[in-house]
Amino acid sequence: MVLRSTTYQNEMNETDSSKNTSFVTSLMKSWRISSSSSIASSSNTNEPLTNNNNNNHTKSVLSSDSPFYSSPIQSTHFDTITNNTGSGTTTNKKGFTRKFSSSSQDGNFDAMAKQTISIRKSTSSSSSSSSIINNNITSHAHTSTHSHTHNSNNNKTTNSYSPLRYVSPSMTNLESLKSSFFRQHHTRNSHHNQYYHNTPGNNNSNNHNSFNYSNSPAIGASYSSYNGTGSLENFPNDNNNASSKYFQDLDEDWSAVIDDFNMPIPVMLNGGRGDHASNSNNNSLSRISTNSSITNFKPSTTSVAPLQYPQLPLIETRSKEEIENEREIQKLNSLMKRITKFDNILNNKHIINLSELRQISWNGIPKPHRPVVWKLLIGYLPANKNRQESFLKRKRQEYRDGLNHTFSKNHKRDIPTWHQIEIDIPRTNPHIPLYQFKTVHESLQRILYLWAIRHPASGYVQGINDLVTPFYQTFLTEYLPQSQIDDVENRDPSSYLSEEQLKDVEADAFWCLTRLLEQITDNYIHGQPGILKQVKILSQLIKRIDTDLYNHFQKEHVEFIQFAFRWMNCLLMREFQMNAVIRMWDTYLSETFSDTGSSMSTSFNSDLMSPQTPTQRSTATFHTTPQGSNHVTTLSLHTPATTTTRFNSVTTLTSVSKDESDPTKVKQSSLNEFHVFVCAAFLIKWSDQLCEMDFQEIITFLQNPPTKNWDENDIEMLLSGAYIWQSLYKDATSHWL
Amino acid sequence: MLQFKLVLLGDSSVGKSSIVNRFVKDTFDEFRESTIGAAFLSQSIKIKDPKTNQDVIIKFEIWDTAGQERYKSLAPMYYRNANAALVVYDITIADSLLKAKSWVNELKEKVGNSTDDNDNDNDNNNNNNNLVIHLVGNKLDLVEDDPEMRSVATEDAVKYSTDENLLFKEVSAKTDFNIKEVFQTIGEKLYEIRQKELDNNNNKQNKGEINISLPRPSTNDSTSCCS
Chain G
1 MVLRSTTYQN EMNETDSSKN TSFVTSLMKS WRISSSSSIA SSSNTNEPLT NNNNNNHTKS
61 VLSSDSPFYS SPIQSTHFDT ITNNTGSGTT TNKKGFTRKF SSSSQDGNFD AMAKQTISIR
121 KSTSSSSSSS SIINNNITSH AHTSTHSHTH NSNNNKTTNS YSPLRYVSPS MTNLESLKSS
181 FFRQHHTRNS HHNQYYHNTP GNNNSNNHNS FNYSNSPAIG ASYSSYNGTG SLENFPNDNN
241 NASSKYFQDL DEDWSAVIDD FNMPIPVMLN GGRGDHASNS NNNSLSRIST NSSITNFKPS
301 TTSVAPLQYP QLPLIETRSK EEIENEREIQ KLNSLMKRIT KFDNILNNKH IINLSELRQI
361 SWNGIPKPHR PVVWKLLIGY LPANKNRQES FLKRKRQEYR DGLNHTFSKN HKRDIPTWHQ
421 IEIDIPRTNP HIPLYQFKTV HESLQRILYL WAIRHPASGY VQGINDLVTP FYQTFLTEYL
481 PQSQIDDVEN RDPSSYLSEE QLKDVEADAF WCLTRLLEQI TDNYIHGQPG ILKQVKILSQ
541 LIKRIDTDLY NHFQKEHVEF IQFAFRWMNC LLMREFQMNA VIRMWDTYLS ETFSDTGSSM
601 STSFNSDLMS PQTPTQRSTA TFHTTPQGSN HVTTLSLHTP ATTTTRFNSV TTLTSVSKDE
661 SDPTKVKQSS LNEFHVFVCA AFLIKWSDQL CEMDFQEIIT FLQNPPTKNW DENDIEMLLS
721 GAYIWQSLYK DATSHWL
Chain A
1 MLQFKLVLLG DSSVGKSSIV NRFVKDTFDE FRESTIGAAF LSQSIKIKDP KTNQDVIIKF
61 EIWDTAGQER YKSLAPMYYR NANAALVVYD ITIADSLLKA KSWVNELKEK VGNSTDDNDN
121 DNDNNNNNNN LVIHLVGNKL DLVEDDPEMR SVATEDAVKY STDENLLFKE VSAKTDFNIK
181 EVFQTIGEKL YEIRQKELDN NNNKQNKGEI NISLPRPSTN DSTSCCS
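From first to last, the protein sequence lines are chains G and A. No gaps in the numbering here: position 64 of the first sequence is 64 in the working numbering, and each next residue is one more. No gaps in the numbering here: position 217 of the second sequence is 217 in the working numbering, and each next residue is one more.
Everything labelled a hint here was simulated from the structure, so no lab data went into it. One thing to keep in mind: the hints can contain errors.
Claimed, not checked - DSSO-like cross-link-like pairs, simulated, lysine-lysine; straight-line CA separation at most 30 angstroms:
| hint | chain 1 | residue 1 | chain 2 | residue 2 |
| --- | --- | --- | --- | --- |
| 1 | G | LYS412 | A | LYS72 |
| 2 | A | LYS174 | G | LYS438 |
| 3 | A | LYS25 | G | LYS555 |
| 4 | G | LYS708 | A | LYS59 |
| 5 | A | LYS110 | G | LYS555 |
| 6 | G | LYS533 | A | LYS72 |
| 7 | A | LYS25 | G | LYS708 |
| 8 | A | LYS59 | G | LYS533 |
| 9 | A | LYS72 | G | LYS543 |
| 10 | A | LYS174 | G | LYS536 |
| 11 | G | LYS412 | A | LYS101 |
| 12 | A | LYS48 | G | LYS555 |
| 13 | A | LYS174 | G | LYS708 |
| 14 | A | LYS59 | G | LYS555 |
Keep in mind that this is a model prediction, so the values were computed, not measured.
Bound conformation, chain A alone (with noise of 0.2 angstroms):
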């Protein structure tokens, strides 16, 4: 079983919560009370070796966390040690996507994202360099019922997640769409990066250099980074 710690961010009320209440326990509630500071959950998925077709179990710690402005500073300790990330916004609410953007500025310049390009060297493992970044634009539902509410354009989205190399849908975590599918993405991706590193480990090996990479027993063991 592999393990990754996921952050969920996004602006206030955009339905980071409800996106993980739908993943990890399969509910919705139309009023949910708002997060302060910040909440944790966990789930594991399946997903397929692409080699050897075997089944994968992926465990993500998910940190969800609060969207207000005030509640911004504490942010960065629970992407500080993240594998992937989460960036929420609401497709009836364009301000939501400029504050997902500033989100994913923040978390390129003060973590890294493995989806910029593939040269990711070694050396940069232990700075956890390999943030998978997912945008993800909630409430279809709504749109699905009066289409003139939506205020965020699919094809904006898609461009600007294409431009900067995040993984992109639109979901409704009221209707249970894509929502599973975002998190089967997160994991293989992961798994991805995950298994290019032991490649790479191997190869520094045979150099004879022991470089062992092993999932954090804990979220927020800062002494050890998961690479």
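With the rest of the complex left out, here is chain G (with noise of 0.2 angstroms):
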């Protein structure tokens, strides 16, 4: 991956390297690639544990595969292809192998869309959909340094420049796509075919509308086997099946590749694997098909030979019970899997590896272990332990203390502070059941008017009600019985707890509400400067990222205050419904948040001693320096590889914890970094409904966006095209303000 980066950086050198980025980025942008697509394959790098036996796997399939690849490129790329089903099939041996590999071999790909989306960075299976989606791009940097690296270097280069794809929900013009994928790609060709002149296999480099990665064959046959009836006629009249709404707007972009190609493209099939069927087939792989979508099969078509685009099976053709099945299984194993790896982080050691609990976190966490997860990740509860016990219970005593004394007689209350919280917390999230309970109310009241009081340089302010629900909420699950965790929103807790548990749920969430707002406490001090700060940032990166939107935006006269103000305000919670929310939070706590407080100390030492930091992914950015090193000069009392890159120059706001004991310790804030990029990516995915709009239909469409259907899945997406947008942007940030 280092490897990759850097030359990659060299041939940014030898060129144009403005242009460069905005290569990358406006390939970023048309594409919209979602998702996990990085994460996944972040994974891999990140996590050489998880893959270990999905490598050794992969090995072996793939040397049955070679005799079929002639190029060097090819056999790269099919290494990553060969890599997904092969790990697809080794993840599930144990449960539904034979229905999960089957569903891949299949080109089901609309399953594997789902599976893309809903499975966890550490899911082996889950770098099958990044590689297919991402092959284009891992072959492109191949193709363009002349390296010979491929198989294990393979999977890594996936995600440097995976192009995130975002699949808008609610895209629906094919046409308007089309013209706008043409339209930025068109003027990058001649640059492009810098990188290619000398790759074997060029033939026909100026492909108006592609990215010349059709130049290497095998590249085309990935893409082939999606495309196998003129996708772009099929598709539209598809609308009612789930697929398209995944893979339309891909597909279209592949078929244009082809259209333009004018040589015959070799059949790539069965995902890669050399089985039986493809071996009677040298230079083209021919696809293997389940007993379902064979019914569709042309015999015709699937024996003759390379020269012909292949006809797949419909997707559609599999029945939908049949993809909802494969679909609730994978689920099932993945989640089963990460369960088994959050107990593995959290029960294992004597000292919870908190470096590895972040990283797996990033990528959601199971309910059950969401309580105690939130509280390591913020920084509450020590990775010790041996101390955690006593610490909570010192901890549950002091908010208990703290409450005594403030409700005291001698403690004059604070009346408008009283009164504001007072009146806020009965329109707090008032379409959830738990927030009218009386018990509630009472207890919000009590975190919110403490933590007021003993923060006066912000004080309450409104939005700050909506950010302690998360952990409210999330930590009464922990009293709940695991099948009625999602009932908590519904019952009152004080049926389920005692009066001194109630006290517990309410002191851990005050002092993970104070660990949260410590990190962004420029947002709620007086004039509110860091908000106007995100703001601005954000103005400044949709200009970058999206100019057709921006200067839509200016030409309507639409701020970006206007819109937001409240995104930074309540982190996008007002947006969002809860559970999409809470889901967000897990990325939240485990992105951004550097402990370094005085309770973490030994989670920091931990931090130390790991290798294998989240860190390692921020390789995929543009840095000319070696990874953000030179800002970390000024806060030279921690500089484990976690801060030092985590830290952003976007936040060099470092603020003194006030709370308690250890004046020296150092905050560093991302959170706030990290949420303007997540409100870039949230804005971009309506940049094309918006350039279609006016003032008043923008400014109305952004106070209230479509997303209370919102799932866990769209929070992922969002999450995923954020974190390719950090990864390119983050050291640029600085330089706007």
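These two chains come separately, so use the hints to put the complex back together.
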């Protein structure tokens, strides 16, 4: 991966580097490639452990495959593909191997799409979708650098430039999409060719609308396997099928390549696995289809050799239930795996490896683990398990003492603050039954009031009442049996909690809220400079990422603060349903918190000890300096890899945490910074629609975005998009202020 | 169609958002999430031209601002180019009237008030000196249920409004009492001012000057000043 980025940088130096950057940017924008691809692949680099078995398997499969590939490019390409199916089968060996593998062999990319979304970073099978989606880029990199690295490197390279695809559910206009795709790539063509001029097998380098990835036959093949029957016509008619939601524009891009590419495309089949049927075909890998899909298979086309577009079974030939079943199974399998992983991290060691935990939590935390993991991630609970119990006891007592003092007769009530909180609490999450219970009202009132009077610089600000609820609600689930966790939003806590337990929940929520707000204090002090700064960064980001949208806003006199203020103030909580917010916080808490507080001294050490940190992901950026080290010089206090690389120039605000004990500890907040990228990804998601709207429509739309039905998958897509933008722009944002 | 920008100001939880939502969507929620920053809505009404008796459509672009003190620094952005301001207080909370008064003062100081006096000369047009301010006492329904709850006497508010040349009504967003009337009054007032300006401009044109006033295309077009 490092190799990868350096070679790319060299390229950049040779050519116009700014152009290069914009190329990648618009590449991302135009493809809006999603999401788990990058995460999935990043897991490969970050978590060698998880992929060990997977790699072995890959190798063996690969060796059996290799005779079919003549050029190194091809083989590297197929290596990724192989990995997919390979991993698919391995991971599910125990459970439902047959079904699962058949789904990928079958080219049921509908199912795989789902898989892409729902799969967590660590799930090895997720590499499948990522590598398929990103093949073009991978090979692109290979050809351009003339490097003959393959196999083991290949997977890693994928992640650096995985163009995340954002598939807007509401994206229906294929034509406009197409045109925008053309428009954007057209201009970069000549530039592109510089990469390719020496590429072997480069026969027609000037494909108007493509990235020239079709130069490599192998790559073309991978597209063709999706594209069998001229999918452009296919997909619009296919609106009822869930697959179109995920793949209609993906497909569009690919067919554009093929349309322009006037040479026969070998057919890559069976996901690149050399199985019986493919052995009979030397040049092309024929595809093996499952029983259900074979019904649509026309013999005449299958048997014909390489120079033909493949006739693939249509996705809809699979019955809906079948697909649903497979998805369910995959989901359950991956969930079980994840739970085991969390169990391992949380239980196996004396000191919990926080960096490992942070890494795995980025992609979501299983519900039973969430309360404890959140407390760990945010730096409330010590990583040293021996200390946890006494620590919690002490903190909970501290909270009780604080309450006793605050509500004692000696303490003069801050009436305006009390009143403001009092009127805000009944209207906090008014649509969730949990927040209508008197018990909860009183809890929140205590938490917020205590926090407010202990933080006079900021005091209580509307929006903080929103921020406390995910903590409160999540910590309540700790006291519910697993089967009833989903019920937490409907049950009165007093029905299953004792008075003391309720206070414990409150205390935990209070301390976690305190930790959270420490990181974003600037958002709530007078004048709210933190928010203004973030809004500005957002506008500058959009100006660079999506110039069309930015210009349109200018033309319509839309100011970012008019819609983005709330996004920053409430961390987008008002935009999503609670379950989506909570999922988002899994990532926020793991992505953005650098634990440097006193209570985390132990965890801190463990960070130092473990070489793999989430930070390795940042190699995907266009750093010219060694991993962000220039930023760290100011905070020499702690310089483990985690804190340095995740630390950001945008959020150079390093505030000495106010509460308790150690005045020397330094807080580094990258929560704000990552959040801006999430907002950018969120805004860009609607770009096409917004560009058609006038001022009123834009503001109205952005104040009521169609996100009511967003579930965790949608959030994951969003977060992944944000992650990519961050990897591209994180070091640039400081120059925009 | 004439387009006007209207801004709602007032203390937290006096019912600004409820008034707007009653007017725009004809809905009411007992508990509505607090407004963060500001919310935008728009709604059109019909008024009659007093002279020609023809229907005129007035479109309001409404910025519903957040009430909490901390968000006060955002308010100028929203009232800067406003044609009308709805200053809201809660008749059951005396302090909210004080807050409303301070908003009125700030508006007059920063923007100006057309109802102040009639001798607006044209030179002031471009300073957006024609702000219509309407004071509104909300939550009348609570008082009807229980007269004890009233903390602000109607007479006091009326007197204040007369002194300050404000339009005034007591309303209830919950029972939809007087809500439409408030906007109707504002619309008519704005139309009256607009007509006066047009006349003045016509006079100017007769003197050889050209000054065509058109409604702003967009709420926050800072380059054009709606007058």
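Quick rundown of the hints versus the structure:
Restraint check: the Cα-Cα separation between LYS412(G) and LYS72(A) comes to about 26 angstroms, which is no more than 30 angstroms; the hinted pair holds. For the proposed pair LYS174(A) and LYS438(G), the alpha carbon gap of about 23 angstroms is at most 30 angstroms, so the pair holds. Using a Cα cut-off of 30 angstroms, the hinted pair LYS25(A) and LYS555(G) holds, with the two alpha carbons roughly 28 angstroms apart. Taken as a hint, the LYS708(G) and LYS59(A) pair is honoured in the structure, with Cα atoms around 29 angstroms apart against an allowance of 30 angstroms.
Restraint check for LYS110(A) and LYS555(G): the C-alpha separation of about 27 angstroms stays at or below 30 angstroms, so the hint holds. With a C-alpha separation of about 17 angstroms, the suggested pairing of LYS533(G) with LYS72(A) holds against the 30 angstroms cut-off. Restraint check: the Cα-Cα separation between LYS25(A) and LYS708(G) comes to about 19 angstroms, which is no more than 30 angstroms; the hinted pair holds. Of the supplied pair hints, the one linking LYS59(A) and LYS533(G) is violated, its CA atoms being roughly 33 angstroms apart against a limit of 30 angstroms.
Proposed proximity of LYS72(A) and LYS543(G) is supported: the alpha carbons are some 28 angstroms apart, at most 30 angstroms. With a C-alpha separation of about 38 angstroms, the suggested pairing of LYS174(A) with LYS536(G) is violated against the 30 angstroms cut-off. Using a Cα cut-off of 30 angstroms, the hinted pair LYS412(G) and LYS101(A) holds, with the two alpha carbons roughly 28 angstroms apart. A hinted pair counts as satisfied when its Cα atoms are at most 30 angstroms apart, and LYS48(A) with LYS555(G) does not qualify at roughly 34 angstroms.
Taking the CA atoms of LYS174(A) and LYS708(G), the gap is near 26 angstroms; set against the 30 angstroms cutoff, the hint holds. Note on LYS59(A) and LYS555(G): the hinted pairing holds, with a Cα-Cα distance of about 21 angstroms set against a maximum of 30 angstroms.
The structure fails hints 8, 10 and 12 (numbered hints given earlier, in ascending order).
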